[in-house]
Amino acid sequence: ASRLEGLTKLYGAGIMISQQTLYNLNEFQKYSYRFLDRVKVKVKNKPVAVFELFDQDQPQLKQLKIKTKSNFEQAAFLYHRQAFAQAEQIFQSVLQTNPQDKAAMLYVKRCQKSQNYGVPEDWERA
Numbered sequence: 513a514s515r516l517e518g519l520t521k522l523y524g525a526g527i528m529i530s531q532q533t534l535y536n537l538n539e540f541q542k543y544s545y546r547f548l549d550r551v552k553v554k555v556k557n558k559p560v561a562v563f564e565l566f567d568q569d570q571p572q573l574k575q576l577k578i579k580t581k582s583n584f585e586q587a588a589f590l591y592h593r594q595a596f597a598q599a600e601q602i603f604q605s606v607l608q609t610n611p612q613d614k615a616a617m618l619y620v621k622r623c624q625k626s627q628n629y630g631v632p633e634d635w636e637r638a
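The numbering used here applies: residue 513 is where the sequence shown begins, and numbers increase by one.
Fair warning: there could be bad hints in the mix.
Keeping only pairs whose Cα atoms sit at most 27 Å apart, straight-line, the calculated DSS-like set for lysine-lysine is [to be verified]:
#1 Lys-579 / Lys-542
#2 Lys-621 / Lys-552
#3 Lys-554 / Lys-625
#4 Lys-614 / Lys-554
#5 Lys-581 / Lys-625
#6 Lys-579 / Lys-621
#7 Lys-614 / Lys-625
#8 Lys-581 / Lys-521
#9 Lys-581 / Lys-552
#10 Lys-521 / Lys-554
#11 Lys-574 / Lys-542
#12 Lys-579 / Lys-614
#13 Lys-521 / Lys-625
#14 Lys-521 / Lys-552
#15 Lys-614 / Lys-581
#16 Lys-521 / Lys-574
#17 Lys-554 / Lys-621
#18 Lys-581 / Lys-542
#19 Lys-614 / Lys-521
#20 Lys-521 / Lys-558
#21 Lys-542 / Lys-614
#22 Lys-621 / Lys-581
#23 Lys-581 / Lys-558
#24 Lys-542 / Lys-521
#25 Lys-521 / Lys-579
#26 Lys-625 / Lys-558
For each label pair, taking beta carbons as the anchor points, the in silico distance ranges come out as [as the list claims (entries may be wrong)]:
#27 Trp-635 / Leu-537: 29 to 35 Å
#28 Phe-589 / Tyr-543: 17 to 23 Å
#29 Gln-601 / Asn-536: 32 to 38 Å
#30 Thr-609 / Thr-520: 19 to 25 Å
#31 Gly-630 / Asp-567: 34 to 40 Å
#32 Lys-579 / Glu-633: 36 to 42 Å
#33 Glu-539 / Glu-633: 40 to 46 Å
#34 Asn-557 / Lys-579: 34 to 40 Å
#35 Gln-598 / Gln-531: 19 to 25 Å
#36 Asn-628 / Arg-593: 16 to 22 Å
#37 Lys-621 / Lys-574: 22 to 28 Å
For the record, the hints were derived by calculation from the structure and aren't laboratory data.
Idealized CB from N, CA, C, for every residue including glycine.
Make a model of the complete structure from these sequences and hints.
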């Protein structure tokens, strides 16, 4: 958990948790959450799926994240499949609805960088 804490600022997330932690919550479906990314933590070699819990966000922001959740997650899936142009287009539509979505902004930059410069040889697909 503490390893994910440092990533909250990068993604603009109040609370980030791993998939395992999410699924260990009692009745996790009642929480407002979205898939954020797959990240490597120091202890593990393989990337770990991380999610943002956003129930604590301001009501207007929470509603925007609920509204854009499926597009955001679809774009993240495409990004991890190296479909960067498609992913960028969908992340841009997320930003049209929610211009303050820091995670979507981060992904747009990553998509543009990957399209311009390619991906590292050690790229790991989701």
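* To do: Confirm or reject the claim that Thr-609 and Thr-520 have a C-beta distance inside 19 to 25 Å.
  => With a Cβ separation near 22 Å, Thr-609 and Thr-520 satisfy 19 to 25 Å, so the hint holds.
* To do: Determine whether the Cβ-Cβ distance between Lys-579 and Glu-633 falls within the hinted range of 36 to 42 Å.
  => holds (38 Å)
* Is the straight-line distance between the alpha-carbon of Lys-542 and that of Lys-614 27 Å or less? -> holds (24 Å)
* Hinted pair Lys-579 and Lys-621, Cα distance within 27 Å -> holds (22 Å)
* Proposed proximity, Lys-554 with Lys-614 (alpha carbon, max 27 Å) -> holds (24 Å)
* To do: Take the C-beta atom of Asn-628 and the C-beta atom of Arg-593, compute their distance, and say whether it sits inside 16 to 22 Å.
  => About 18 Å separates the Cβ atoms of Asn-628 and Arg-593, which means 16 to 22 Å holds.
* Asked: When you take the CB atoms of Gln-598 and Gln-531, is the distance between them in 19 to 25 Å?
  -> holds (24 Å)
* Agreement of Lys-521 and Lys-552 with the hint, judged by alpha carbon distance not exceeding 27 Å -> Distance of about 16 Å is within 27 Å: holds.
* Asked: Cβ-Cβ distance between Gln-601 and Asn-536: within 32 to 38 Å?
  -> holds (35 Å)
* **40 to 46 Å as the expected CB spacing between Glu-633 and Glu-539, which holds or is violated** => holds (42 Å)
* Proposed proximity, Lys-554 with Lys-521 (alpha carbon, max 27 Å) -> holds (18 Å)
* Given the hinted pair Lys-614 and Lys-625, is their alpha-carbon gap at most 27 Å? -> holds (17 Å)
In the structure shown, no violation is registered for any of the earlier numbered hints.
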